[in-house]
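Protein chains: 2
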Amino acid sequence: MVRVSFEEMKTEITRVLIKNGFTEEKAKKSATLFATASLDGVYSHGLNRVPRLVEYINQGWVDVHGEPTLIDSNGLIERYDGNFGPGDLNATYCMDRAMELAKDNLLGMVTINQTSHWMRGGNYGWQAADAGYIGICWTNTESSMPAWGAMDAKLGNNPLVLAVPNKDNSIVLDMAMSQFSYGKLQTTRLNEGKLPIDGGFNEQGELTRNPEEIEQSRRILPMGYWKGSGMALLLDLIATLLSQGNSTTALDQMKPETHVSGYGVSQVFIAMNPNALSGEAFTKEVVENTIAHFKQARPSEDSSDISYPGENTRKRREENLEKGIPVDTAIWEQVLQL
Amino acid sequence: MVRVSFEEMKTEITRVLIKNGFTEEKAKKSATLFATASLDGVYSHGLNRVPRLVEYINQGWVDVHGEPTLIDSNGLIERYDGNFGPGDLNATYCMDRAMELAKDNLLGMVTINQTSHWMRGGNYGWQAADAGYIGICWTNTESSMPAWGAMDAKLGNNPLVLAVPNKDNSIVLDMAMSQFSYGKLQTTRLNEGKLPIDGGFNEQGELTRNPEEIEQSRRILPMGYWKGSGMALLLDLIATLLSQGNSTTALDQMKPETHVSGYGVSQVFIAMNPNALSGEAFTKEVVENTIAHFKQARPSEDSSDISYPGENTRKRREENLEKGIPVDTAIWEQVLQL
Chain Z
95 MVRVSFEEMK TEITRVLIKN GFTEEKAKKS ATLFATASLD GVYSHGLNRV
145 PRLVEYINQG WVDVHGEPTL IDSNGLIERY DGNFGPGDLN ATYCMDRAME
195 LAKDNLLGMV TINQTSHWMR GGNYGWQAAD AGYIGICWTN TESSMPAWGA
245 MDAKLGNNPL VLAVPNKDNS IVLDMAMSQF SYGKLQTTRL NEGKLPIDGG
295 FNEQGELTRN PEEIEQSRRI LPMGYWKGSG MALLLDLIAT LLSQGNSTTA
345 LDQMKPETHV SGYGVSQVFI AMNPNALSGE AFTKEVVENT IAHFKQARPS
395 EDSSDISYPG ENTRKRREEN LEKGIPVDTA IWEQVLQL
Chain V
95 MVRVSFEEMK TEITRVLIKN GFTEEKAKKS ATLFATASLD GVYSHGLNRV
145 PRLVEYINQG WVDVHGEPTL IDSNGLIERY DGNFGPGDLN ATYCMDRAME
195 LAKDNLLGMV TINQTSHWMR GGNYGWQAAD AGYIGICWTN TESSMPAWGA
245 MDAKLGNNPL VLAVPNKDNS IVLDMAMSQF SYGKLQTTRL NEGKLPIDGG
295 FNEQGELTRN PEEIEQSRRI LPMGYWKGSG MALLLDLIAT LLSQGNSTTA
345 LDQMKPETHV SGYGVSQVFI AMNPNALSGE AFTKEVVENT IAHFKQARPS
395 EDSSDISYPG ENTRKRREEN LEKGIPVDTA IWEQVLQL
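Chains Z and V, in that order, give the protein sequences. The opening residue of the first sequence carries number 95 in the numbering used here; numbering runs sequentially from there. The opening residue of the second sequence carries number 95 in the numbering used here; numbering runs sequentially from there.
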């Protein structure tokens, strides 16, 4: 493990993206999003993901020149074609547009189809919250998770992001519909650990905390069992219908050579302006009182503190800004060679 | 157990509500909502809940004359004061208004504050789906669930409803943020059963499937552990900010004599018109292809079929329409006496 400063990481990723056809402006934007994911501790969708993006560009699965083009609009809802452009830039654009629409209408909604993997979804929640907006966004994905009661993966992992702004205490939830990600299974296995709770089924159909068994069976568990399973289905359908894009089913049925992570997915971005609705003082009071109330609970036996979504992100951000971002040495070497 | 026809149940509940001050029109509407919940198998929030509603009316916690009054509107978002009216009628009104707004704008949003328990949330999802709309709604509640990592309940159970229309195959998810409801714990205990998976912690802080232990500790588990915990917090904040209503914190801090289930809660109703966006044929194709794909998975070892949200509801509805709705004899007697 090495520690790399936020600035150095941005510079290095910017260089790689320019070398792979990005304009300087887009390279800087995308590099900032990748580096921010790592800064915030979401290593799997930060720097670690850059080599795969380069591969996708080389294979023609991501078009570095692709940009969202407006399909239709009613002044409140805008619908875009993502043209297989970089998913992080497309998503940032969409949340910006949703906030712009919300300026006039209190609420704005943007949908996009034919886009690419948005990398770390939380970025777009922070984007909204940092600008003072409530942000809600989600994406569908190709299938990666069995429904509750099923052996075969026919559901996307369809992450959902919910964000509420509050100056230095924004609350941002970024969650996939599986209890754990495959990235978490991998790192747990590499550390020879067990999951803290059941994460899926083994080949015998028994719930297990052993990450390797789940990697083998590919039977990862939806969060909340039937609940995450149902939610994944509904989020997919709503994103598909609103964007007139590909459903998880359509993604699964694509020709094999483009059946890759995030290719052609559908997304929804909603922004709402709580301060325009009820004033900044009310927002601040509600959020602060809620956090204070939430924190009054006694910690349970195994926990030392009770944290709200985004709280530990911010702590990690501060720590990584100060000490540098921890990076797997081999991955850093790989990125330097790209 | 006795079986009562849907019509008889409606008639009986209508009688009780009129006797308790409802107009005939409102009594019929509310009775239909209660009876539909029972018809669909959500017994805890159907007939079984009627005695408690009568108690709440008698205590002054629900105002039978209360109706939503418009606070402000921008033509797209309407915000109402619920005036402590019957929560089911208030919620039905709000979803109707959201659909009306969505007729012109593709999307409509209605929020309400100072309302009462909406009883079965799924009703408002079916209401939207049956009318051809995507429906999204949620409510906050007084706290009833500890956050992940906490011993004391500082989070509401904040149920979320997601609905996608498709003629006879609408997909409707109605889920609380806890893995199980206290109603489910009670019925499991009365049947001397165990929960199929962990439902909470016992007094020793160990995860348990024993419903009685959870009823004693009051440490019910959020669905997806930290995920449902985070989501409950965000849904509460968003509903509070958009409605300018009471947060879970504010509800918890009410004077003890009105600190009762659902008193003064905040709710959000969103309706979107997928057919106006992309045509009825596209909606139908997406939903039917998705269901077909979903059903292609092999059932897992312990399951005989794989069902989507709303599928079993519809089956139960048909069965109960045909055979009559199963009702606990003592509760039926109690309602007859009201």
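Please note: incorrect hints may appear among the correct ones.
Where chains are identical, the list cannot tell them apart; a pair therefore holds if satisfied intra-copy or between any two copies.
To be verified - As a list, the in silico BS3-like pairs of lysine-lysine whose alpha-carbon atoms are at most 30 angstroms apart:
1. Lys120 with Lys288
2. Lys378 with Lys409
3. Lys122 with Lys409
4. Lys389 with Lys122
5. Lys113 with Lys389
6. Lys349 with Lys378
7. Lys120 with Lys417
8. Lys261 with Lys123
9. Lys197 with Lys113
In short, the hints are calculated from the structure, not lab data. Quick caveat: nothing in here was measured; it's all calculated off a predicted structure.
Hint check results:
Taking the shortest alpha-carbon separations for Lys120 and Lys288, neither the intra-copy value of 40 angstroms nor the inter-copy value of 56 angstroms comes in at or below 30 angstroms. Proximity of Lys378 to Lys409 under the C-alpha cut-off of 30 angstroms is restricted to the intra-copy arrangement: shortest distance 20 angstroms within a copy versus 46 angstroms between copies. For the identical chains of this complex, Lys122 and Lys409 are intra-copy neighbours only, at 25 angstroms inside a copy versus 54 angstroms across copies, given an alpha-carbon limit of 30 angstroms. In the homo-oligomer, the alpha carbons of Lys389 and Lys122 never lie at most 30 angstroms apart, since the shortest distance is 38 angstroms inside one protomer and 44 angstroms across protomers.
Taking the shortest Cα distances, Lys113 and Lys389 never come within 30 angstroms of each other, neither inside one copy (48 angstroms) nor across copies (45 angstroms). In this assembly of identical chains, Lys349 and Lys378 lie within 30 angstroms of each other by CA distance solely across copies; the values are 23 angstroms between and 50 angstroms within a copy. Taking the shortest alpha-carbon separations for Lys120 and Lys417, only the intra-copy value of 27 angstroms comes in at or below 30 angstroms, while the best inter-copy value is 64 angstroms. Proximity of Lys261 to Lys123 under the C-alpha cut-off of 30 angstroms is restricted to the intra-copy arrangement: shortest distance 23 angstroms within a copy versus 44 angstroms between copies.
In this assembly of identical chains, Lys197 and Lys113 lie within 30 angstroms of each other by CA distance neither inside one copy nor across copies; the values are 37 angstroms within and 49 angstroms between.
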